[in-house]
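Chemist: Chain by chain, the residues run as shown.
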Amino acid sequence: MSINRREFIRIAGLSTLVGLGGKTAFELLFPGQLEAQLAPLATGLTAQRWAMVVDMRKLNGATAKKCIDICNRVHNVPNLAVPNDPKVKMDPADVNRWQIKWIWTDHFHNSFPGQEHAHVQDRVKAMNFLLLCNQCDNPPCVRVCPTQATFRRPDGIVMMDMHRCIGCRYCMAGCPYGSRSFNWRDPRPFIKEENPAYPTREKGVVEKCDFCAERLAKGQVPACVEVSGGALIFGDLADAKSKVRETLKANFTIRRKPELGSNPQVYYIV
Amino acid sequence: MGDNYKNEFGVFGERPKVEKKIYDAKYIFAGLVIFFALVTLPLWKNLGKAMPAPVPKLDTPVIQKLAEKDRKCVMSTAYMRANHMTLLDDWRTEVVRSGKRDFVGLGGTKYNASLQNTCLECHSNKAQFCDQCHNYVAVTPTCWGCHLDRTQKLAEAK
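Protein chains in written order, with the numbering used here: chain A, 1 to 270; chain B, 1 to 158.
Keep in mind that the hints were calculated from the coordinates and are not lab data.
Worth double-checking, as some hints may not be accurate.
Claimed, not checked - A few chain B positions that, by computed beta-carbon distances, are all more than 10 Å from chain A: (1) 37; (2) 40; (3) 54; (4) 73; (5) 80; (6) 129.
What the hints assert, rightly or not - Facing chain A, a subset of chain B residues (Cβ under 8 Å, in silico): (7) 23; (8) 97; (9) 145.
Nothing here was measured: the structure is a model prediction, and the numbers come from that model.
Using N, Cα and C, we set each Cβ at its ideal position, and we do this for glycine too.
Please take these sequences and the hints and turn them into a complete structure.
Modeler: In structure tokens form, the structure reads like this:
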């Protein structure tokens, strides 16, 4: 059997058309059944741009500790200094280097480098600033992630997909705030009381604060905001009547390292 | 020319005589027998013994409490048996990446798309329900590296 050139070109052209259109036609005939079945929870909180204001005038040591404790408990964040089994005690240097931080405190000169000077007000010098992921508008961690394990949600939350994280730690190098921690070892032996409703992490992934995305989906504000007694203000930056916007309008606020261009969305009233 | 043969180097009078035999045949064959015996050992060892097929159990406290007609999974049993891994995979992608946590299952019932909070709520017997089959077919899902098995907690509580 032989075909002439004209016939060959015709068949080749037709096969290309079928090949290009085939997938689309298939999708049209049998649309993804499962995808159609999933929808966001109706009770969830939604926003165009989530943001937080930390009111350092109201935040004292006890409140900060409460915020940190609830966060660690809710998200199964390990405390490497206190293993469940005393036999797996870690070297104090490693405890410090390998610590997992979602929300933590630090002094002014570490929190706002470039704005400190020799004669900073004593009141500010004594402050322990509550630090967490800034959920940047232009997040460097997202830019460097080779697997898109960390990504920016449309509502501004910089989210981690632990299933995709390969543990390369580029994001940690990219983040100017030290908001990301790597699991150098299995965290489970260091979680005092596991929250059965939230997963732990495993060795080899990076983790960070995600504005309690799982709580927002259920219609709850982040855990730290809930226990802060008004020191942390959380809301939608796009909504002019939201509490964050009103707070920002009424007070002078600073942000951490805004000169880097990452556009952090956690504001501080000093 | 009789037995003369030719190759690229010229014409030769006689083919070299090579004995047609296997040297050290008894050692080689004995070795081969031992090799095959060892390789097929697992077959011989399990000959006639059928590995019992896994029987996933459903008698967890939560399922027991449900009325007979309410004892159904998010999708049909046949679907879940064949496709639970794809379903869970879709759940995790949609929940984490798109924030879609509501799953409309069989008969329009809404479920929270969560392995740890929905699946394990009813199937709190991970060892019998999940591990048994996974071990039988020799798969090791990586779910449990992070997702907590609530069974242990329940057992400890008791």
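Chemist: Is the nearest CB of chain A more than 10 Å from the CB of residue 73 of chain B?
Modeler: It holds; residue 73 of chain B is separated from chain A by about 14 Å at its closest Cβ, greater than 10 Å.
Chemist: Say whether it holds or is violated: residue 129 of chain B keeps its Cβ farther than 10 Å from all Cβ of chain A.
Modeler: Check passes; 17 Å lies beyond 10 Å.
Chemist: Once the shortest beta carbon distance from residue 145 of chain B to chain A is found, is it less than 8 Å?
Modeler: Result: holds, 4 Å to nearest chain A Cβ.
Chemist: A cut-off of 10 Å on Cβ-Cβ distance, and residue 37 of chain B was said to be off the interface with chain A. Does that hold?
Modeler: holds, 42 Å
Chemist: Hey, is residue 80 of chain B genuinely clear of chain A, shortest beta carbon separation above 10 Å?
Modeler: holds, 13 Å
Chemist: Does residue 97 of chain B meet its interface restraint, that is, does its C-beta lie within less than 8 Å of any C-beta in chain A?
Modeler: Holds, because the Cβ-Cβ distance from residue 97 of chain B to chain A comes to roughly 6 Å (cut-off 8 Å).
Chemist: Should the label of residue 40 of chain B as a non-interface residue stand, given a Cβ cut-off of 10 Å to chain A?
Modeler: holds, 39 Å
Chemist: Residue 23 of chain B was flagged as interface toward chain A. Is the shortest Cβ-Cβ separation under 8 Å?
Modeler: Violated: closest Cβ of chain A sits about 54 Å from residue 23 of chain B, beyond 8 Å.
Chemist: Does residue 54 of chain B sit more than 10 Å from chain A, CB to CB?
Modeler: Its Cβ never comes within 10 Å of chain A, the nearest being 26 Å, so this holds.
This entry does not satisfy hint 7, going by the numbered hints stated previously; all others are met.
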